[in-house]
Structures are given as C-alpha cells and as structure tokens.
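**Q** These are the residues of each chain, in order.
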Amino acid sequence: EAQVTQNPRYLITVTGKKLTVTCSQNMNHEYMSWYRQDPGLGLRQIYYSMNVEVTDKGDVPEGYKVSRKEKRNFPLILESPSPNQTSLYFCASSLSKTPGGDTQYFGPGTRLTVL
Amino acid sequence: QQPVQSPQAVILREGEDAVINCSSSKALYSVHWYRQKHGEAPVFLMILLKGGEQKGHDKISASFNEKKQQSSLYLTASQLSYSGTYFCGTKKYNFNKFYFGSGTKLNVKP
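Which chain is which? The protein sequence lines are A and B, in order.
With the numbering used here applied, the first sequence corresponds to residues 1 to 115, in that order.
With the numbering used here applied, the second sequence corresponds to residues 1 to 110, in that order.
The set of hints was computed from the structure by calculation and includes no laboratory data.
What you are looking at is a predicted structure, and each value in this text was computed from that prediction instead of being measured.
Any given hint could turn out to be false.
[Unchecked claim] Some chain B residues judged to face chain A by a derived CB distance under 7 angstroms, without partners named:
1) Tyr29
2) Ala41
3) Pro42
4) Phe44
5) Phe87
6) Asn96
7) Phe98
8) Phe100
9) Ser102
10) Gly103
Yeah, the Cβ is synthetic: ideal placement off N, Cα and C, and Gly gets one too.
Chain B extracted, bound-state conformation:
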C-alpha cells in the first residue's frame, strides 16, 4: 500500500539537479510532495490530482504520469536550503487512507 520512493538518498553540490520518484502499483487519486527538515514537521510542497499534470514553483516542480501511477519531483539548480528529507504521500481511489513513501534524504553541499 505504501508507495515506492527512490532513491533513498542523494548527495548534490549546489547548482546540480535531482529527481525523486514515487510509484504505485495502482492508479492514485492524488500525490502530495512534502519536505521535512531534521526535527521539524513536514512542509507541503505541492499536490497533483490529474493524470499528465505538471506543476511547480521556483526551481522545484513535479509531474504525474498519465496512468496516475507515478510521480516525479524535480529539483533544479539545487540550493543549500533544499537539503532535507522529501516524502511523497498518496491516496488511492475508493480508499480513505493516506500513505507516505519512506522518504528520500537530500543533502546539498557547497
């Protein structure tokens, strides 16, 4: 039931790009992306509801494939402030439970 998130960890230099993937075996009603800094609460980044949707702000964007089984989070020209753990959260059709992936730890170095 839990979506599969990859990779588990990424180390980047400032200015480099990263992609984080989140996949499900069944079509999803929605995908959420959150970032969590150590010891803090997760912070909402964006939500995708439609197949084929892409959205973003600043240099962080996300896509949701047509079948609504996979989402990717794109971080371009990474900054030190991007460091943290990124989680995707998913809800399936006809189920009211909400599932998070196991997280991707992103470390951006100077």
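Same shape as in the complex, but just chain A:
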C-alpha cells in the first residue's frame, strides 16, 4: 500500500532531551516536507527536500534539523526540544521535485508534547 509513515505517533518528552521523528514513504517520491500544525495557525512548513542530500528551510525552521540520506526517509531532529515545540507534526511527500506541482500525501501525524 502506498503510504507515508511516521514514528512515533505520540511522544511526551522533557525539555532538552534530543529526539528524532522518523518519516518514510514507499512511493519513490522526490519531494518531502515537514509541517507543524498549531491551533489557529494552520500548517507551517519546517523543512523540505527536493532530492537526496538536498534540503532547505521552510517558514519555521528554528530548533529543527533534517537530513535526506535516502530517497524514502526524511527524519526530523529536535536537538534540544523546548515547550514551544509542542505541536502536531506532519510529514508529506509528492512525486514532483517542484514543490506545489503535485499532490502532497501526508503521514498520520506525530503529536509531540515537550514538558
């Protein structure tokens, strides 16, 4: 089944404890992206990648890192999480390298709470 998977789905952690949220797609998609969703703010792009080893900042990249070593995987890393990073996170992918040129398929989301 074609899908985007994220793990973990739920995570409660403490300030400063490094964590990684994994994202994987099995559709051979070129473009992958991370978003965070907060009430009243919609989805905001954190980082995106148009190809292996090619990543760039979205609108709210502060406090996050990403890597794209393989086409299928795009992990989101929080080196030192803070309470203002408590949010619902979505990974998405699309076939086209051109962002916005194609359907974005979303993962199921990761609800992160930083105490």
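Take the given structure of chain A and dock chain B to it, following the hints.
**A** Same frame as chain A, but now just chain B:
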C-alpha cells in the same frame, strides 16, 4: 507569505452550499485544497495550476482566477461527510516554500 483564507468558520445545514476563498498578494504557481478531519491527516482534494482553471469532482469544485491570485472552493448540496477543516496551500513563482492558509472550519448539521 501565508495566503489569506476566509471565512474562518461556516455552519451549514445539509443540502446548503458554501464557498471558501483563498487569496494571495502575488501571483501563485499553484493552489492546492485539502480537507482535514479532527485528529487526522489532511487529505488532498484538488490542485489548480492554470489561470482561469476550474475543476471539480462530485459536488466539490474549485476555481483559480485569471491573475492566479485567488482561488475559491465550492461545496454544493453539502453532506454531513463534508464537515472538517479546509485548507488552501500555495506556492509562489521562484520560491520553493509551500504555504497553507489558516483553515476554514466547516460544520454541516442534519
């Protein structure tokens, strides 16, 4: 940079129509429309790439104006299953970032 989406919320009775608008100050490369049910991932509805384009399926359709600065989503004869939050997503020319509007919460009542 974020597109302006309106209205913020709509309450409808089954069978009524609704229009959701999404506008930008500059011409857009594309507009996407997504629907999100509470606690779930956004689900793609449609993408518009050309000025003057209109497309749709079932009773949900969308348009993209000639200047490619505004898009509208039309929901006709609404059903209970249409309830959720609708987002437009946009990409501008020469920018690779993707921006979503703040969402329109649609509640269809029996």
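**Q** Does each hint hold? Answer for all of them.
**A** Evaluated hints:
1. Tyr29: holds, 6 angstroms
2. Ala41: Since the shortest Cβ distance to chain A is 4 angstroms, the answer is holds.
3. Pro42: holds, 5 angstroms
4. Phe44: holds, 5 angstroms
5. Phe87: holds, 6 angstroms
6. Asn96: holds, 5 angstroms
7. Phe98: holds, 5 angstroms
8. Phe100: holds, 4 angstroms
9. Ser102: holds, 4 angstroms
10. Gly103: Holds - the Cβ of Gly103 of chain B comes within 7 angstroms of chain A, reaching about 5 angstroms at its closest.
The structure shown violates none of the earlier numbered hints.
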